[in-house]
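Chains as they are written, first to last, in our numbering: chain H, 1 to 276; chain W, 1 to 372; chain G, 1 to 300.
One should not assume that every hint holds.
As the list claims (entries may be wrong) - In silico contact screen, one side only, chain W against chain G (beta carbon under 10 Å); selected entries:
| # | residue |
| --- | --- |
| 1 | 147 |
| 2 | 192 |
| 3 | 334 |
| 4 | 347 |
| 5 | 356 |
| 6 | 357 |
| 7 | 365 |
None of these hints come from the bench; they were simulated from the model. All C-beta atoms, glycine included, are put in the ideal place defined by N, C-alpha and C.
Below, each chain spelled out in residue letters.
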Amino acid sequence: MKKVLEVRNLSKIHGRGCAHCLDSTGPDMDSNICRHCGSVVAAHGVSFDLHAGEILGIIGESGSGKSTTVRTLFFDETPSAGEAIFFDGQRQWDLFALNAAEQRWLRNRRFGMVYQNAHLGLNFKVSAGGNIAERLLMSDFSHYGEIRRRARQLLARTEVLAERMDESPKQFSGGMQQRVQIAKALATQPPLLFLDEVTTGLDLSVQARILDLILEIQQELGTAMIVVTHDLGVIRLLAGRSIVMKYGRIIESGLTDQILEDPQHAYTQRLVASSL
Amino acid sequence: MGYVAIKGGGRAIRGAEQALEALRTAEGEGGQPLALATIEQQLRLLTSRIVSEGGLYHPRLAALAIKQMQGDTLEAAFALRAYRSTKPRLLETPVQDTGRMRLIRRISSAFKDIPGGQMLGPTFDYALRLMRLDLAEESPQAFRGVARRFLAGAPDAELPDSFPKVVDALRAEGLLPPLAIHPEPAFDITREPLVFPVPRSAALATMARAETGSLLAIAYSNMRGYGDVHPTVAELRVGYLPVMLPHPVTGEPVEAGEVLLTECEIIAMYEGHGADGPPVFTLGYGACFGHNEVKAISMAILDRALQKGMRDGPNNPSEDPEFVLLHVDGVDSMGFASHYKMPHYVTFQSDMDRLRTTQDKAKARKKAEVEA
Amino acid sequence: MNPGYELPLEEAGYSFGFLDEYAKREVRRAILKAISIPGYQTPYASREMPMGRGFGTGGLQLTLALVGPEDRLKVIDQGADDSVNAVNLRHFVEMTCPGMDTTEHTRAATLIQSRHRIPEVPLRENQILVLQVPYPDALVVVESSEARRKTMHGEGDYARLLTRLYEDIVRFDEITIAHRYPTRIAGHYVIDPSPIPRYDLPKLHRAAALTLLGAGREKKIYAVPPYTDAEPLAFDDVPFRIEDFRDAAGRRCACARCGASDSFLDELIGDDGAKSWQCSDSDYCNEQLAVRNPQEAVHI
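All chains, please: the whole structure from these sequences, using the hints.
Printed below as a string of C-alpha cells:
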C-alpha cells in the first residue's frame, strides 16, 4: 500500500509552556492544561500513517486534540513540534518546513478541507458556484465556460440543485452547505481530504446521506481521507482504521472494527459502551 | 450643439479666490481685521487644536491659518501641515520629562488627594452652559482690566515649579508595571510610512496629530461598549513643558523654549504581568500640543485599546490599529471627502458604458425568454 | 502665550519644488524601487502638500521630485489642460519651480501629470507619465486589511479578485468594472491603474514611456516601466473590453468639434436635451481640428 501521509510526534502547545507541561497533562492527569504555567497542551506525540485511498478516523471528545491535529496538517495552525511528510507522486513534502506560498499551493491543489462550521470553509459573499470557481482560479483555471462546467458538475455530483448554483450558500440548509463545501474541496481533485466533524449538528437523515456521499466519493476517486469526529457511528461507517485521542494524546489505535469490538483502554471502553 | 468651454478653469479659480476674500471682509466699514494675537489669546482653544492637528507647535502661525481659512479647523490644520512639509528636520529631541511641566491645571479622578494636590485651573467642566449675554457688548475697558485684577488677587503663596506624577506613586506601590525603557528610537511618522504592524510609538505619534473629532468618535465607541477599556483618569495635566535640547557644542541639555501640552494617563483593567508576576493595572497614554483635554483623553483610551488589539488581535474597531490609525487624520480624510467635488467625467462615462451594456444584455435576455 | 515673537516672514519663499531636499530624495528612492519591482506598491512618507489629499498630492510629489528647470511639464485632468484642478496644479508647479516650462502639447512635454486619462498620442521613451491615484490597491474590493493584502500580493494570490469577475459575469453577463480596472504588471503584481477608463489600459501595455503612479493619501508609489506587460484581468473566453462608442445603428461616434472617431469621448447633453460627443483629450482635439479644419483651429 502506498503511503500518503506520515505524521511523527506532532505537538501543539498554546501558551508559553514550561518544563512540567508534558508531565502534568494527558489522559492520566485528566487534563490538557498545565497547572504550573497555564499552557494548553492541545496535542502531543501524535504519530500515524495514512495510505492511498484509505479513510482514517480520529475520535475523541472536545479538547482531545483531534481537530488540532488536522488543522496543523492543513496549515490552519502552526505545530509546536513534530514532523509530517506528504507523499505526492514523485514528490515528498516536509509539511512543517514549508513557506507560506508552498503551504498555500498545497492547500489549494493537493488538499481539501471540510469544516464543521461552513463559515470557515465557504465564502458567503459569493455564490455556491463562485466558491468552487475561487478554488479553480487559485489553480490557474482561466476559462470562464470551463470553470462553470466544472462547478456545475461538482455540485451535481454532491447533489446540490443546479438551479441554486448562483445563489449564496448563506441561504442554504446546513446539509446543503456541507455538500457545497465537499464540492469545493474536491474541485482540484486532491489526493488528500480532511473532514472535521462534517455531520455534527445535522439531522440524522441528512447525516446519513452525507456519509453515503463521502463513501461514494472515496470509492470513485480513491481519495485518502482523515475523518475527525466525536461520533462512533461516523467512524464505524467510514473509517477502516481509527485513532482514539484524549487530552492531546493517542490512547488507542488500530482497525476500527477491532477497537469497537474489543476496546483496550478504559476510556475507549466507556465510549463504546455509552454509544450502544 | 453643445460646446464645452475648454478654457476658463484659471479664471474660475481666480474668481473663487476673490469671492472668498470678499466674504472674509464683508463686514465692511465698521469691521476690524482680526489681529493674530487676538485669535491666539481669545480663541486659544481653537489655536490649541490647530497646533496639535497641524503637527507643528507655532501658535502664531496657527492663528494666521485660522484667520486665512476663516475658522475652518480642518483647513487651518492642513495649511500648517503643508507649511511644515517644506521644513527640513534639524534634530530629534531626547525624551522629555513631563514631570517637569509648569502646570496650569492637573486633576486625578482616581484619588481624592494626590501628591501636590488637585488643581482645577481653567476648565469649563463645572461651568453652567448658560449664554453670557454680557459678552455680547463687551466694553474694551472692562475687558482689559479682568486679567490684571485676577493676577493681582492671586495669593502670594509660591506654587511649586512642578508636581509629581500620579502614576509614579502607583508604580511605586506595584499597582502598575515598572516603566519600560525602549532602546529603539521613536517612529517618525513624518519620515516613515505606516506599514502594519506598527510599533506603539507610531500609533501614539499618529494620534497626537489626529483630528480631535475623529479620535473622539472612535474612542467613544470603545467607551459605549464596542470595547472594554473602562478607564479611570489617573492624571490629566495641562501646562508648559520645557523643551530640552542638547547644546550644539557641549551636548549638555539646555532649555530651548516651552510648549503648551495636555497630557492624560488612564488606568485600565488589570491583566497578568509577564511570566509569574502578580496582576497589575494597565496604562493608556495620551498627549497633544495645546490645551485639548478631550483629545488627550480619547488618545489615552485608544492607546490602551490598541495595545490590547496589537497583542490579542482586534475585537472591535477601536482595537484595530489599521482601522484607527488610517482613519483619524484630518488632512487625509477631509481631502478625500473634498476630492469628490472634482470633475469625474471620464470615470462616469465609463460607468455609463458598463450600465448601458448590462442593460442591453438584460433586455436581450428577457426578449429571448419571452420568445422561447 | 508667547508675547513678542514675530512671524517668520522671511520664510515666505519656498525652495525649488516646494518640498525640502530630503523629502525629494526619499521620493526618488521610492521611484527607483517602484521601477525595479514593476507593479509593487512602494510605501513612502507622503508629505502634506498645500492642496487637498485626493487632489493629486501623490502625483504632485512625483512631479516635484522629478522636475528640473530644463523640463517641459503638461498637466491634465479629465484629458483637459484647462480643467480647474489641472490649472491649479500647473500654477503651483510654475510658482515653486521657476525656470521650468509648461506646455499643453502632449508631443512637446517631457513630463505629463494626469488625472483619469492617458493622452491619445502614444508617448515616447523620453517622456514620463505621472498618474494621480486615489486607491492604489486593486485588492481593496475583496480584502479591507492592508496587512493581509500585502501578503496576497506577495504570493500572487488574486483568486478572490478573479472570483469577483466570475460573479459579475454570472449576474450581468459582463464584467462590470468600468474604470480602475485591475491589471497585471509583468506577469505578477496586479495594480489599480488609477481611475483611467478601460479605453486607456491598452496604452500601458509595453508602452515606450515610463508610467509612475502616486497615491499621496495612501502613501504609495508604483510603476509600469517602459516595455513592460500590462494585462487587464480577464478570462480566456470573456475578454477585456474597452468602452463602446457606437450609436444605436452601430456607427462609431465622432467628436462634434474636430471630427475624430478614434478618441475617448465625453458625452454632452445640450440645453435642448440633444446628445453630442467631444474628445476628452483637449490637446488631441485641437491637433485634429488643425489637421481637418485649418481655418477653425485654435492657435495657442
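Which numbered hints turn out to be false for this structure? The structure breaks only hint 1.
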